[in-house]
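Enquirer: One-letter residues, chain by chain:
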Amino acid sequence: MFSTELVVQTFISGVMIGVLYALMALGITFIYSIMRMINWAMGEFYMIGSYLQYMLVAFLLGPDLWWLAIPISAAGVFAFGLVVQWGLIKPIFKKPPEARDDYATVVTLALLLLLRSLATGLAGPNQFTPGSNLPIVMVGPMPMAGARVAAFVFALVALALFYGVLRYSWYGLALRATSQSRVGVQTAGIDVLGIDRVAFGIGVALAGLAGALLAPVFLVFPTNGLITTVKGFEIVVIGGLGSIPGALIAGILLGLIESFGAAFIDSAYQNIYGFALVLLILAFKPTGLFGERGREA
Amino acid sequence: MTAPLLAIEDIHAAYQSGVDILQGMSLDVPLGGFVLVIGPNGAGKSTLLKTVFGLLGPHRGAITLDGKPIAGLPPHEVKRLGVSYVPQELNTFPHLTVEENLRVGGWTIRKDAARLKRRIAQVYEIFPVLAERRRDKAGSLSGGQGRMLSVAREMITEPRLMLVDEPTVGLAPNLADQVYELLQTARKAIPTTILLVDQNVSDALRHAEAVVMMNLGKVKAAGPVAEFGEDRVRDLIQECLLG
Chain A
1 MFSTELVVQT FISGVMIGVL YALMALGITF IYSIMRMINW AMGEFYMIGS YLQYMLVAFL
61 LGPDLWWLAI PISAAGVFAF GLVVQWGLIK PIFKKPPEAR DDYATVVTLA LLLLLRSLAT
121 GLAGPNQFTP GSNLPIVMVG PMPMAGARVA AFVFALVALA LFYGVLRYSW YGLALRATSQ
181 SRVGVQTAGI DVLGIDRVAF GIGVALAGLA GALLAPVFLV FPTNGLITTV KGFEIVVIGG
241 LGSIPGALIA GILLGLIESF GAAFIDSAYQ NIYGFALVLL ILAFKPTGLF GERGREA
Chain B
1 MTAPLLAIED IHAAYQSGVD ILQGMSLDVP LGGFVLVIGP NGAGKSTLLK TVFGLLGPHR
61 GAITLDGKPI AGLPPHEVKR LGVSYVPQEL NTFPHLTVEE NLRVGGWTIR KDAARLKRRI
121 AQVYEIFPVL AERRRDKAGS LSGGQGRMLS VAREMITEPR LMLVDEPTVG LAPNLADQVY
181 ELLQTARKAI PTTILLVDQN VSDALRHAEA VVMMNLGKVK AAGPVAEFGE DRVRDLIQEC
241 LLG
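Protein sequence lines, in the order shown, are assigned to chains A and B.
Using the UniProt record's numbering, you'd call the opening residue of the first sequence number 1 and step up by one each time.
Using the UniProt record's numbering, you'd call the opening residue of the second sequence number 1 and step up by one each time.
Quick caveat, the hints were computed from the structure, so don't treat them as lab data.
All the pointers check out, no bait thrown in.
In silico DMTMM-like pairs for lysine to aspartate or glutamate, Cα to Cα no more than 25 Å straight-line:
#, chain 1, residue 1, chain 2, residue 2
1, B, K111, A, D191
2, B, K218, B, D66
3, B, K188, B, D203
4, A, K90, B, E77
5, B, K68, B, D28
6, B, K117, A, D191
7, A, K94, B, E89
8, B, K220, B, E239
9, A, K95, B, D10
10, B, K68, A, D191
11, B, K220, B, E9
12, A, K90, A, D101
13, A, K95, B, E77
14, B, K220, B, E166
15, B, K117, B, E99
16, A, K95, B, E89
17, A, K285, A, D101
18, A, K94, B, E77
Because the structure is a prediction, the values reported are computed rather than measured.
Take the sequences, apply the hints, and build the full model.
Expert: This is how it looks when you write it as structure tokens:
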């Protein structure tokens, strides 16, 4: 039956996976809050992060230096994001804003197909996993895979860094201001297209980081970003589009619901429980838990 | 005769190709002056300010600031040259504190921490209510205080030229008077030159030194404020509206 130990184990497991989901959702919602566009290719940046992690561990650094591969993978995705923003997104934002959303949707969907096809063409449909020699770790009463615990710790560090930059740096102040008024920051003399570039880079780097962290758990293959992206959008709907606190809280909520549903109802329907929550939110609070009021980068 | 601080010559600008809102607009703003731009709705007054500040790129004509061409420069570069723009809408960041709003206003001087600190302190001296509410979110300010913050934010960098777009729209008469006082305060405290667009003609005329009346994207009449009595303004607007 429902032992306290099982409840605690399920809770810990849910929080840990929820924080990792939140990274992806944070990337989606961060880009939206700054640029007012949805990047439909987020899953492909996740996928690139996971491939980078695999290649660095398998061919360059080795399993002992897996931890070094993680920031390098995220930085690689960040750099790629800067190039994508410069080449594909920035030209859209130089035009009048009427059809900006439509163009951004078409461009990022095309990018999704391109990157996925490239990955299939270059690496084939095979599944890879970066080696990890981390031992089983006891989290409270619960034995957990070292890779999963390490991913959780890295995610927490990344979230703390993200928060610190947003809250205490000049650039963070500019990002927070841009999320509230694009005209306002231009009147302050801030290069709004430059802010877009950095925001896009940070947003996709968060997805790439999630990909690198989850590579040992969810494996590496051309469409591995799909499920995580779907979960990212679920979180965005639950937390409220554009709300960063909402993304964090909804990420943990989704992790908990999936975890408890799998443990106490049926693990076969793990991905359904989140959708049920999304439907409930859409029915009773369509703007999400933190909706428009919570929009703040 | 001294050269104007801002010179606009035969500017043509459009939001959509082929539909020019500014159709050969020319205007000089002298250093230290207070120039009021009036005209009927759709005359292109707000578009004029957006074009000077770089939010809209002109496709013909020249704009110079102190003799330096600025037409087509992006807003952040225009700002660095000493131009500030106060748009018609409340220009604050509602989820940032008053102090954070002022710091964003000082973005272009952020590397000179001592100057930025001094400027914020000076702005607090001029507007004590902002000092009292420095830790409050800007979204919690009243309409008048919000306008005050919008203007104060643009004063942080001590601009040579302030472009101000309908600062009293939607405000109660007593608040409108406060806003004009704000602009005069800014003008004296920095000191700065003001190019003001306003529909509230009778009040704005009391503060301006020169008037430009626009119609259909170009100048219909211009001259010192003494030449623009209320009767003449009314006649000119009737002419504009009746063609």
